[in-house]
Structures are given as C-alpha cells and as structure tokens.
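Asks: As they're listed, the protein sequences go chains Y and C.
Residue 203 is where the first sequence ends in the working numbering, and the numbering goes up by one at each step.
Residue 778 is where the second sequence ends in the working numbering, and the numbering goes up by one at each step.
Simulated from the structure, these hints should not be mistaken for lab results.
In this text, a Cβ means the ideal position worked out from N, Cα and C, and glycines have one as well.
Be aware that one or more of the hints could be misleading.
Covered by chain C, according to a simulated footprint, are these stretches of chain Y (three or more residues, beta-carbon under 8 Å) [claimed, not checked]:
id, segment
1, 85-92
2, 159-165
Only some residues are given here: those of chain Y computed to face chain C with a beta carbon under 8 Å [stated by the list, open to error]:
id, residue
3, E58
4, V61
5, V95
6, G192
7, D194
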Amino acid sequence: MKMFSMAVVASAFALGLCGAMPVLAQARSASEEAGDERLRRVLAAVAAQPLTAAPFIERRVSALAATPLESRGTLSFNPAGLIEKQTTSPLRERVTISPETVTIDAGDGKPVTVIKLEAQGALTGYGLGLRALLSGNEKLLRQVFDTRMTGTFENWKVHLLPREPALKRGIRHIMVSGSGARLRLIETSETGGDTIEMTIIPR
Amino acid sequence: MKAWAWLVWLAVVAASVVQVNRSTVVTDVSSFLPGPADAAQRLMIDQLRDGLSTRIVVIGLDLERASTKAAPSPAQSAALVAASRALRDKLAADPRFAWVSNGDLEALSSERDRLFAARYLLGPGISEALFTQAGLNQAFVQLEQSLVSARGAMIRPLAAADPTLTSLQLLLRASRQVAPASDAGVWLGAGGSAALLLMETRARGNDIAAMRATIEAARGSAEEVLRQWPAGELKPTIEFAGSGYFNVKSHDAIGQDAEQLALLAIVMLAVLLLWALRSPRFLALALLPVASGALAGFAAVCSSNNTIHGITLAFGMTLIGEAVDYAIYTCVQADERGARNALFWRQVYLAVLTSLIGFAAMFFSGFAGLQQLGLFSIVGLLVAALCTRWLLPPLLPRVALAGGDRFAWLPALSKRLRALRWPLLLVSLGACVLLAERHAGMWQDSLDSLSASSPVEDARDLRYRAEVGVPDLRTMISVRGASLEQALQRSEAATRVLDTLVQARTLAGYDSPSDLLPSHALQRSRQAALPAADILRDRIGVAVAATNLKAQAFEPFIEAVAASRALPPLNPDYYAGTVLGAWLNAQIARSADGVTVLILLRGATSVAAVRQQLERAQLAGVGMIDLKGDVEVLVAQYRQRAMTASLAGTAAIFLVLFLQLRRARAVLSMIATIASTIVITSAVLLLAKHQLTVFNLVALLLVVGVASNYTLFFSTLPSETQARQRTCVSVLLAAASTFIAFFTLAFSATPVLATIGLTVSTGAAIGLFASMVFSADS
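Chain Y on its own, in the form it takes in the complex (with noise of 0.2 Å):
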C-alpha cells in the first residue's frame, strides 16, 4: 500500500532496486575493514575492478513464500557510474542507473519507466550513495548511510544504515561482504519484513 502515484512507484523501484544498488555500494565498501583506512582501501579495490555482467543469484526471504523466492542475472557498472542489472529470471527485466535517472524496462513490450533523480528524494540517496561507491568517495558514502566496517581485507563486511527519512521507509539495513576487490554478498533488510540475499557469482 506504499505507492498512489508515481512517486511512490519512484520509492517502490528504489526499493526494487536495493538488490541491485547495495551491491554496488558494498562494492565499494568491501574494501574497507576496522575503519576509514580499511574503508577505503576496499573501496579503491572494488572501484578497480568493474563489474561486467557478473551472473548473480537473488533470494529473497518473504513471509509469503514457504521458501526463498529466486532470481537470476547479471549485473555490471562502469567508472562512468552506469549500473545495469539484467534479470533473466523468472521474468526478464532490465534496470539501469546512471546519476540523473532510473530505468526500468521489462522489456515486454510495455512502456519503459524513467524516473528522475531529483533533491531530497529516496532515489538520490541511492545515487549518491552509489556514485560515491563507485568513485571511492567515502565522505559523500557517510553521508547518505551511516557507515561501518568489519572483518579483514581479505573477509570484510560493510554495514550500512540509511540516514535519509525516504531511504529509512525502504530498508532498515544492508550488509555487504567480500573479500579483498571481490564483492560476495549483499544482504538487504526491508521494512516490510522481506530479507534479499545476492550473491555475486565468482567466473
């Protein structure tokens, strides 16, 4: 009951999209261990080894489902701070962010839904928090999660906890662990009670 008008359906993608997005940000994080200088030593690692069209595994753990609802793809970003999560299956679907826009395309024929990035919103929270992954900038990252970093260079997990009002309907928080520049996992916890794991499948 969460959406009315197209701007909910904005904070709803948003949502949908934090399987894709918390990659990325723990991408970035992975780096990082017991503090900043870990944070951002992940961080330059992850930014140095762009993804491109890694498959990955999503399951997500809802209280509808007697057993995780599964989903498969691929997913890739660039330097240049475009991220694409092509989804397979069950239903093919392709999303992609660059800093201005969101965009969906189910590629069913049915129109393709852009949403603008603008001030204040959920979604710029989510740009920015990735862009700041992707560019290894750890100040803006704090500033739109509060930060932490745990475990080793090689076995590290970044906790993430939005800070923004309309990130915090969404999700209540995000963990993403890796080790050394290889992104792993991504486990997002929604307010509605659903949990997703990604897995990131190694070639």
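Following the hints, position chain C against chain Y.
Replies: What follows is chain C alone, placed relative to chain Y:
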C-alpha cells in the same frame, strides 16, 4: 421656466444614485454572452461561470523570475520542498480551500485506505473469471514473478491482502488524478525551479470578492512561509494560475484601467477645451450632461438585475467622448437670436437620433451583452442630450470665439479638402477590396478576445496546469440521468467507448466519476462475482501448489473478499473529506430535473474524433462539452447578430437622414462620409491587427454615430462666414475630444478596452477627415 427641468433632472439623478449604489459590477465572460439556447449550452455556460474549472487554482513559488540560472541549487531545491510542505499545511487548515495538494502522497493516506478497502467493489477487473480456479492459478504464478521484480516494491506490501493486485490498478488509476510528484515527494515544476500547489477554492470563480479574498489569503500564507526562506538565497516569487484568479485580475484590471484612463482623458480634454474656448466655466458645465448621462445609463442597465458587466461600464464611460460633443456644439454654435438656432437644435436632434438608432439596433439584437451596451448608450445619450437642451443654454457662457481668428484657416481648409473626394472614394474602394479578400479569416472568435490576461500569464497557466496534472477542463463529456444511479450507469457505457479511444491512442485517458463510484448495479455484480470464503480458500490452496508461495499467508485476502461481499454499496459520501471526494463532487451536478456527471478527458489528440465516436455509439444522455469550441460558436453567433444589427442600424440612420433633410446632395455626402469612414477604419484595423473581434464591430457602431454627427454639420455648412467658422470649430473640437478620450483608452492593458479605444479613435480621425472632404454648403 427651467425650474421643472431641474426638478426632473434632480429626480433622475437621485433615482440613478440609489440604483447604482445597490448594484455590483460583474466581469465573468459568460454573463456577457448570449443566453444559452439549449440544455447543453446551459451546462457549458454554468461550467464557464462557476464550474470546477473556475475553482481550481495553482499557486507557484517560482524561482524563474528571480533567477537567471537554469537549474536551482540543491539548497534552493531543499528550501522549495520545505516551503511547499509548510504552505500545504497552512492552506489545508484554511477553510477557504476545499482541498490542497502539493503532490505529497504521505498526505493522501486516507485516499489510499479508502480505495484499498473498497477494492473489490471498484476494481475494473473484478469478474467471475478472476476467481475461478484457472483465474487464481494464473494470478498466483504472476504474483510470484512480480514479487522479485524491480517493480515488486509496489506489490510486496499489498500482496497478502490483495494477491490479484486489484488495488494496484485502482491506485495507479487514481494517481492520474494526482499528478506525478518529483522524487522529492512534492510537485516541483519548471525544471525544479517552482514548487507548485493545487487547490480548489470554496469561492466560485464568478464571485469576485470572495475569490479575491481567497487569493489574497493564499498569497498572505505564501508570504508568511517565505519569511522562513534561507537568508542569502534567491527568493521565489508567488505566482498564480487558474481561471478564478484570472477573473479577479481582469476585474481589477478593467476597473483600474477605466479609472486611470478616464482621469487621464478628462485632464487632456480639459486642457484642449481650455485652450480652444478659454472658458473654465464651460468645462464645469460640459461635465453636467456627460456625468448625468453616464449615471443614468449605469442605473438603467442595473435596474433589471442589479448587476452590470465591467465591459459595459468601461464602454459606457467612453460615451464621454460623444456626450461632451453636445455641450461643445451648443456652446460654440448656439445663437439665441436668429433662425440659425432652430436649425442648430434640429441638427443636434438629428445627431442624437442617428446615434440612438445605432444603439437601438444593438439593443434589439437579443444578445445579453449587446443589449447592455445598447441600453447604456441609449439612456446615456438621451439623458446627456436632454441635459444639454434644457439645462445648459441659459448657463453656458456665450463663447464669442474671441480669438476666433485662430481658427480662420479651418473653413478654408475644409473647402480645399473637397478636392480629395475622388481620391478618397478610390481609397474606400481599395479598402472594400481588402476587406472582401480577407473576409474568410477576418474574425477572431475565441474567448481570448475577451480575456484580460497577458501572454506570459497564459503560458504560465498552461505550464502549471500541465505540471500538476489538471485535466483539460475545457473539453468534457456530460452524462445526464434522472438519478445519480442512471447517470452513473450511462457513464459506464460512455467509458466503454472511451476505453476503445484510449486503446487507439486518440485519448491519453479520462476521469469518470463512475471509476470512483460505480453504479450500484455494477457494484452488486462485482459482489456477486466474489466466492465464499471456503471455496476461495480451497482454490488458493490449489493455486499456490505450483509456486513457492504459502497458502496460509493469504488469509487477509480471504477475509477481505468475505467482507466485501457484505459491504453496502458505496455512495459519494464514502469519499467525504478526501481529495478524491472533492473531485467527485465537482464532477457531479445535481439539478431539479436530474443529475449530470462530467467525465474529464486527458490528452485528447482529436476532440472531433471523440465526439464522433460518442455520437456513433448513440448513448442516452451523453453529450460533449467543448468550452473553447462552443464559446467560439457562441461568440461567432453573437458577432453575426451584431453585424446584422449594425447594418440595419446604419441603413436606418441613412433613412432618417434622408427623411429629415430631404436633400439628396447632403444625404449623399453623408452616406459617402459614413461608408468611407467605416470601410477605411476596418481596413486600417485589419492591417494593423490582422484579425478583428466582436468588440471592433461594436465600436464601429459608435464610429457610425460620431461620423454621422460630423458629417451632419459639414454637409450643411452655413454660408455666413462667422457661423461657418463656428460650425467648423465645434466639430473639430468634438472630434478632437472624442479622439483624445478613445486614444487614451487604446493604451489600456485590458484587451477589450484597448480594442474599443483604438477602433473609435481611428474612426473619429478618419470620420472627421472624410466629413470635411465630403462637406457641402447648405
């Protein structure tokens, strides 16, 4: 002997003052239009007068004018969002507004809740097919897939209670009624540089005083909110859009213009007359017939229903230009000794008569606006003439034209100008050819010719409305029924036709009251399609077996369906106190003989195609309202009537002149003067303005009046030098005063007044010239 005349005058003035005091000035266009001919036109006029479109106001906190930069800074954006929220809260608490929206959906939770609770009575897809085993199997497979999609965020919170996603359809449909907000959660228009709020005023658009108070209240609240604007940042300006706002603006503009320009004209007239006649006393006395005439005309128009249209008033005030002529003629020409005096009064009497005939033609045209103008002019001129005849002569100073030599050149000039009669006739012929050639696209009948708003404001109005998603309120479908139920059933039939138009992309969408409030018949048929709880539970069990979903999770769905089966049918008050309820109310008009509901259209690529499809379907009670098109038709009718009236009036004037003067030579020169004045003036206006409006036409009638006065004197010039000079001077002064009064008006910001001013001042100048060219000795 004159005591009785003064007594009568006093009585008339007193009665007029009493009448004027209890009258109000109205400015809405509809009251100036001819009365509605049929039910559809009446509905259209009602909508134009005080329908929903007159109560929708958009307020913008707009950085556009303050800033030259394209995009606002993040700090400005944040401040705009904060100001939008603060202003919304302030206005929502103000009882002058039925509802206020800044696009913030958090504020619309009660709308969402009501739609959600009634989803199984409202859902367009609710049918028996949806609840069969096959239908539910499909619904659950789709649900499982949707839950993991990027769009799933909208679905997940709803799914347990609404796995068929019925409410999603409703919410998306309703969201069209509330336009997309920005990602910031409120409407930011113009590339993010304007915070926009949409509201419905309780004041009706034609209630100028209430609407002005409402707008001022909104402006006051906005100013208060902007006091919190961060120091050092560019401050937005407060802008309004909406026809109610424009009504207030045009009302004030007409009033202000009339006041300022009348003052300016009077000052300039005074200077002119003082210079020519050197008699301050004359000035004071000349005002007597003018003021008495205007007052009586005002009172006469008001006497029927205590209102007068602003346009009538403004036009009437310009009669100053003609009424003052009588005093000038009297002052300069009257001569109590000789036979000339009798002749002079006969000429004044003829001058008044010809003007009266012109305006009588307007009065008998049968169109409300023209009738007002005609009545005002007839009464005004008559009273002014009577004052001139019976009150002025003993009081007026005999203007000896002491410095009469100053004007000695005038009769000689008029004599020399006679050489130009053939060239002038040739020019008139050329003008006729031009008019005939441009005949087709000559008239501009849109409402814009009546509007007082500037192009900048019109553009802003369009932009604001588009950005907050106000549907096009000029094109609507009206559906009549004996009862609300019948009207809704008929709207449902109409929406089936509209659905095909939406599919064909002729129409982007529509808002039908039957979407929010289906007929009871349709609500009951949807209830009948809902299965009993046990049956539904069994079918869900089977349906989820093909998925990872678990049946127990959907108990809220089973409960909701069971509850919906028992719901009493929804009535309009189900939405009371919500934005949806306000829209619904505005779209339902009850009258003594039934109910009319209005279906609003969005993004029609061809209104004609919509009309055609609806007509082809031959639906009972369904009609189309096209405010712009219908008004254009009305204005064109009005204009044609005015044209007929003018032609008839002009013919009557010629006839009267001929009957009275019985001198072919004189009458011929008068006809030549009037005809050439009219065609040349029309051609000049057409060349200058490209298109003429009904107000040019009405003003031309006044031109006929003044030109006939000039030519009346110039076609019967006395041979005696002194008298000849006096006649020439008086006509020149009269023409100059008319020219000054109307030329001043031509600078009015109100298009109607400017049009009248330009037409009459051009006509007066050309008329004076033509009457000299065609002058003749008596």
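Asks: If a hint holds in the structure, say so; if it doesn't, say that too.
Replies: Evaluation of the provided hints:
no.	hint	result
1	85-92	holds (count 4)
2	159-165	violated (count 0)
3	E58	holds, 7 Å
4	V61	violated, 11 Å
5	V95	holds, 5 Å
6	G192	holds, 6 Å
7	D194	holds, 6 Å
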